[in-house]
Amino acid sequence: MTEIPLQHILFLSTALFFIGVYGFFTRKNMITMLMSVELILNSVNINFIAFNKYLFADKLDGIFFTIFIIVIAAAEAAVAIAIIINLYRSHKSIDVDETNEMKY
Amino acid sequence: MKAIIILSALGLATMFVGVYNFKKALLPMILLGLLAVIGINTMEWNTNIHYYNDMLYFDNWAVSFTNLILAVSILVFLLSGQYFKKNTDHLEDNYSIIIFTIIGAILMVSYSNLAMLFIGIETLSISLYILAGSKKTSLASNEASLKYFLMGSFATGFLLFGIVLLYGASGTFHLHGIKDYVIENHASLPTIFYVGILLMMVGLAFKISIVPFHFWTADVYEGSPTLITAFMATVVKIAGFAAFLRLFFTCFSSITEHFVPILCILAVLTMFLGNITAVYQNNFKRMLAFSSISHAGYMLLAIIALKESSFIAILLYTAAYSVATITAFAVLLMIKAAHQENDSIDTFNGLAKRSPFMAFTLTIAMLSLAGIPITGGFFAKYYLFANTISAGYTWLVVLAVFNSAIGVYYYFKVIIAAYFKEGSEEKLSIFPAYQLVLIITAIATLLLGILPGLITEMM
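Quick note, the sequences are listed as chains A and B, same order.
Positions 1 to 104 (the numbering used here) are the ones given, in order, by the first sequence.
Positions 105 to 563 (the numbering used here) are the ones given, in order, by the second sequence.
Isolated chain A, as found in the complex (with noise of 0.2 Å):
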């Protein structure tokens, strides 16, 4: 069996963070704004294995950067749905655009 060229799986990683970013832009629903963000951080994941994997197989540090992102992703959502939900019961709303008490 033929190995999958380094070039395809950065091609993924790319195509995800780019439609992290695109959700992040479009969605207005906090949640899915979110989940766009956490896109970001997988595809980022993804490269960190694949360099490791295919360009530096004889230390493990993406391995150990991944494992660094994976726990302060963890954090920053527990963190993110705590805002969310302090936010749902003054707006009792999820949406960004009723947040919008400041305004220049």
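Worth flagging that the hints you see were computed from the coordinates, not collected in a lab.
From the three backbone atoms N, C-alpha and C, an ideal C-beta is built for every residue, glycine too.
Warning: the hint list may mix true and false statements.
What the hints assert, rightly or not - In silico SDA-like cross-links for lysine to any residue, where the CA-CA straight-line distance does not exceed 25 Å:
no. : chain 1 : residue 1 : chain 2 : residue 2
1   : A       : Lys53     : B       : Asn157
2   : B       : Lys283    : B       : Phe363
3   : A       : Lys92     : B       : Trp320
4   : B       : Lys283    : A       : Lys92
5   : B       : Lys106    : B       : Lys189
6   : A       : Lys59     : B       : Trp320
To be verified - Residues from chain A shown here face chain B by an in silico Cβ test under 10 Å; the list is partial:
no. : residue
7   : Ala15
8   : Ile19
9   : Val21
10  : Val44
11  : Ala50
12  : Phe51
13  : Phe56
14  : Lys59
15  : Ala75
16  : Glu76
Chain A is already provided as a structure; the job is to place chain B on it using the hints.
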């Protein structure tokens, strides 16, 4: 390094002291702890130790930036006693999260591995998302927290993508490893390396609010609780610029021609947009937010110059800027404590009659921010601009000086409100802790202006 361990223990201890209901002992304990940490940290001066397999590197720059962060945090904690007096429900949580934020900031000024940079930035940011929303019943605070979170996590994504591309090209996270890689492959760096630099620049620019990544700043500064805004405006700027400079000076100083033009454009945009928008603000917190953006523009000049002396320039500038900003927020907090729930510049009307002392310290702070001689702000600007001219960017300095002139307009608006406008006649009494903070900051501002050699010759 010891600073980080002791602060972590202090943060945990703070939580437990809260659980066992010794709330009176909290603040003295934290202040003593921070003072002790400054002492212990200073003992690492000139030791240049690499910690944890070269993850952290405490050189003299790291030690001095750490001390600056700790000193500013002590001032914020001094203000906090009175600020949280009405609402002591989650006092220990607030305090311990502020301490964890400081740990993140210290990691950001002492990292020598990109993993530590990432962890430092996230420790700082995640704590700040919580702190920005810590006034749970206030709509504005919730909204500030949400906006900060969305923008911050988005920026983190860019930063990480930058790191992964640098890793893909060089195979290492160590700053010195990347530096060696750049020097070895000077002529034939792959494209992903440049894209990586660019993306990391975007990620860091978000954190220090460089135009065009600044749009969250005004809303977050306005909506967050005022004390947290003071903390955010000072500590995050210090840590962010130190991290930015450390990365670019160590790794990329031999390939400046590829990113300095971009930084020049960003600096010019940041200075003009920050200053011009600040002129039109009526809300004091928003005005300080835009003024912080314009100061970020000036400080970017030090990164453009990218020399060893840029560190001194950033250290002096952030010190002068932080001290003056803390004064401004302390005066605002004091006025607001006298039952005026309003952040508009009009709240300063007639301040000179209500409390001459506060009007005087506010004036010193504003003069320092505007860069008028004998204050710290003047010397810091002078040093920064001289540093930039010696690196050959005279045109940038000309624009920066022009911008400082615009800045004088809106800083003087506050002084004029305090001295020449009619306002409430009621006398303002001042809390002892606030008086202490104002005296310390006023003396520090003047000292930085009159005897700047204290810092520049030490280095």
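**Hints violated by the structure (listed by number, smallest first)** = Hints 4, 5, 6, 7, 8 contradicted; others consistent.
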